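Trainee: Below, each chain spelled out in residue letters.
2 protein chains.
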Amino acid sequence: MNVGILGGGQLARMLVEAGTPLGLEFLIVDPKADACAAGMGRFMHTDYADHGALECLAACDRVTCDFENVPADALAAIEDRVAVRPSAAALAAAQDRLIEKERFTRLGMATPGYVEVNSRTDLQAAVETLGLPAVVKTRRMGYDGKGQMVLRDAEDLELAWRKLGEYPLIAEQWVAFDHECSITAVRASDGELRCWPVSRTWHREGILRLAASVPVTPSMQEAAATLVRRLAEDLAYVGCLTLELFVDGDRLLANEFAPRVHNSAHWTIEGAVCSQFENHLRAVCGLPLGATEARGASALVNFIGSMPAPAPWLALPGLHWHDYGKAAREGRKVGHATLCASGTGALKALLPRLEALVEPGLLRELDSTLDQA
Amino acid sequence: MNVGILGGGQLARMLVEAGTPLGLEFLIVDPKADACAAGMGRFMHTDYADHGALECLAACDRVTCDFENVPADALAAIEDRVAVRPSAAALAAAQDRLIEKERFTRLGMATPGYVEVNSRTDLQAAVETLGLPAVVKTRRMGYDGKGQMVLRDAEDLELAWRKLGEYPLIAEQWVAFDHECSITAVRASDGELRCWPVSRTWHREGILRLAASVPVTPSMQEAAATLVRRLAEDLAYVGCLTLELFVDGDRLLANEFAPRVHNSAHWTIEGAVCSQFENHLRAVCGLPLGATEARGASALVNFIGSMPAPAPWLALPGLHWHDYGKAAREGRKVGHATLCASGTGALKALLPRLEALVEPGLLRELDSTLDQA
Chain A
1 MNVGILGGGQ LARMLVEAGT PLGLEFLIVD PKADACAAGM GRFMHTDYAD
51 HGALECLAAC DRVTCDFENV PADALAAIED RVAVRPSAAA LAAAQDRLIE
101 KERFTRLGMA TPGYVEVNSR TDLQAAVETL GLPAVVKTRR MGYDGKGQMV
151 LRDAEDLELA WRKLGEYPLI AEQWVAFDHE CSITAVRASD GELRCWPVSR
201 TWHREGILRL AASVPVTPSM QEAAATLVRR LAEDLAYVGC LTLELFVDGD
251 RLLANEFAPR VHNSAHWTIE GAVCSQFENH LRAVCGLPLG ATEARGASAL
301 VNFIGSMPAP APWLALPGLH WHDYGKAARE GRKVGHATLC ASGTGALKAL
351 LPRLEALVEP GLLRELDSTL DQA
Chain B
1 MNVGILGGGQ LARMLVEAGT PLGLEFLIVD PKADACAAGM GRFMHTDYAD
51 HGALECLAAC DRVTCDFENV PADALAAIED RVAVRPSAAA LAAAQDRLIE
101 KERFTRLGMA TPGYVEVNSR TDLQAAVETL GLPAVVKTRR MGYDGKGQMV
151 LRDAEDLELA WRKLGEYPLI AEQWVAFDHE CSITAVRASD GELRCWPVSR
201 TWHREGILRL AASVPVTPSM QEAAATLVRR LAEDLAYVGC LTLELFVDGD
251 RLLANEFAPR VHNSAHWTIE GAVCSQFENH LRAVCGLPLG ATEARGASAL
301 VNFIGSMPAP APWLALPGLH WHDYGKAARE GRKVGHATLC ASGTGALKAL
351 LPRLEALVEP GLLRELDSTL DQA
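Each protein sequence line maps, in turn, to chains A and B.
Just so it is clear: in the first sequence, position 307 is 307 by my numbering, and no numbers are missing.
Just so it is clear: in the second sequence, position 233 is 233 by my numbering, and no numbers are missing.
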């Protein structure tokens with residue numbers, strides 16, 4: 001079976017890694033010549049909306065994406081000829097932060113307060129409604145903390161307006177959450193849905209730095225699963241999707257969702273029975289879904305900017321290395337490592353060795369979380 | 001780091017699958033244009049001894065093989081320019097069954113009785129020494145039961161001589177073993193050696209059909225590990241090697257060794273902390289070795305001739321699919337599936353579902369082995 005992928009980044013790369021043993025072949029389309037998945041299958045270096053590329057994609061058996069900001073209308077134009085999974089409509093639903101939040105609200109999912117902002121006056125009114133601090137974000141094309149600013153005082157409003165005012169915006173309430181987590185689900189075309197265990201996540205400067213599959217309470221897992229199921233069913237979703245959540249006491253606030261495999265669930269490659277990458281492809285290709293249970297406890301560390309020397313990392317038992325084959329560049333996700341252990345106790349026992357390799361303090365909260373588990 | 005691989009079969013394919021996350025890049029050389037690893041990296045379709053190919057291999061950072069029957073002398077010629085791991089000498093040691101058995105004997109490793117056969121008279125003398133039944137094999141180029149015949153009576157001798165008499169031969173005693181097993185080890189260039197748990201193996205018509213990582217007694221594991229260590233150290237070996245053993249009561253008889261990753265250890269991809277493929281590359285590239293402990297219990301089933309429809313297989317929880325992307329052909333290994341469970345009890349509980357998919361009787365001994373575990 002041939003699977004076309006729009007986007008040739010690390011997510012496409014890991015999809016191909018998971019799909020090759022399934023006997024799948026891939027066509028990858030990316031406007032960047034140095035896309036890190038370029039060498040992983042047939043590669044077309046062209047714009048997503050390029051007519052020739054769309055014709056080639058339409059000739060595949062299935063089409064999927066490694067990136068939500070592909071032109072949904074171009075994809076919609078080939079949906080009558082090839083199964084595009086998730087659908088162009090599901091992608092479009094994630095491309096605009098306001099529409100996304102309105103959907104959460106319509107589905108009865110709690111979110112941080114939000115207000116549409118189309119003018120300087122709107123922005124002023126928004127902070128009066130939401131209070132300060134608040135966050136202002138472009139409605140479209142933001143990721144990894146790009147296209148957003150925290151507003152702490154009147155001066156920040158002015159700065160934000162100068163920087164982002166040319167775009168349609170959304171202002172969001174600042175939530176002093178206890179922690180962040182996300183839940184990834186896979187949904188088959190027959191409606192079967194399976195969730196991986198919730199991932200605890202830790203960001204710095206808007207970029208995911210650390211994620212861990214550590215046991216959460218059954219009620220928390222169930223609450224998160226209920227939310228992602230509601231969303232997936234509303235979107236008639238096929239494939240993997242991830243819902244990012246703020247945890248505030250007992251409350252789960254929906255922050256955003258990603259209509260694709262997601263960084264916070266990369267630990268599933270070695271830390272779950274079937275990974276998000278394999279299950280995404282199983283769903284896209286109409287194969288039975290794999291089991292989403294965790295195998296022990298796992299923690300993943302992102303490599304930002306450049307890859308460290310591998311040897312000290314690989315010396316840790318249960319450490320799995322993922323070099324995306326990207327050139328070093330400041331702020332760029334270039335790889336990750338997942339540390340898997342048979343359980344939370346064994347994972348905690350390895351943390352001092354991991355701590356010696358990462359920036360100071362990164363593992364502090366994970367360490368105390370493992371104590372509670 | 002660039003790794004050149006002589007041979008582009010499924011072993012090369014799975015080496016590339018394991019090596020891509022490590023950030024390795026590959027050059028694959030194979031005389032077959034339809035080699036199933038051809039699409040997995042840079043590919044040269046040429047003879048192993050081709051001058052241009054050897055120049056390209058010499059320009060890699062490391063060279064390894066997916067196949068022991070490459071011309072060892074051609075490899076020896078580039079060893080002063082690139083690290084060839086395992087060495088040409090180690091490959092040569094496995095290419096001739098007589099030299100291999102003589103090495104086992106020199107190292108004090110018990111083997112089935114064997115006799116060199118260079119004439120019809122030798123063959124007659126051999127069966128007088130060894131008794132009937134016996135097995136006659138070509139000294140070179142045999143695999144998967146090819147180039148060998150079982151001798152049961154005088155008529156078989158005549159047949160065997162007509163079929164194989166033009167080659168240098170070895171005659172071996174027929175061993176009524178209790179069962180077969182193999183042990184795979186990885187050895188680093190600094191001499192560190194790690195063994196995976198022993199694999200129980202089941203062959204039909206000389207081809208491996210089923211292998212399982214099920215607990216064996218500590219004394220059996222230790223005895224097998226001692227043998228493979230003795231062999232690896234004698235060969236100054238770097239990378240993975242597998243020793244195939246006949247188990248006869250408490251005795252372990254060395255049957256043959258493979259200077260490469262091996263079919264009987266494919267379960268290590270999902271069933272061990274670090275797979276044989278990844279550890280082979282770690283050793284070849286001078287990276288720290290990964291842990292070889294099993295993760296639960298695993299069984300692998302080979303697909304011979306053609307791939308079955310995947311859906312009923314993928315419906316089994318913990319089932320991992322490996323389609324090598326080969327055209328169907330009688331007797332050809334085209335893929336395998338590994339069923340992983342958290343332990344022997346959980347694996348046994350899944351066997352009835354696996355049994356419905358495989359040929360009758362294939363799992364019978366595995367099932368009773370799991371009872372004893």
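No wet-lab data here; the hints were simulated from the structure.
This structure is a prediction, so every number in the text was calculated from the model and none was measured.
Mixed in with the good hints, there may be bad ones.
According to the in silico footprint, chain A covers these stretches of chain B (three or more CB under 8 angstroms from chain A) [as the list claims (entries may be wrong)]:
no. : region
1   : 9-22
2   : 60-70
3   : 157-164
4   : 279-292
Below, computed lysine to aspartate or glutamate pairings styled on EDC-like, alpha-carbon distance capped at 16 angstroms [to be verified]:
no. : chain 1 : residue 1 : chain 2 : residue 2
5   : A       : K326      : B       : D34
6   : B       : K326      : A       : E25
7   : B       : K32       : B       : D50
8   : B       : K32       : B       : D47
9   : B       : K348      : B       : D371
10  : B       : K333      : B       : D323
C-beta atoms are modelled at their ideal positions from N, C-alpha and C, and glycine is treated no differently.
Trainee: Compare the structure with the hints numbered earlier in the document and write down the numbers of the violated ones, lowest to highest.
Mentor: 2, 3, 5
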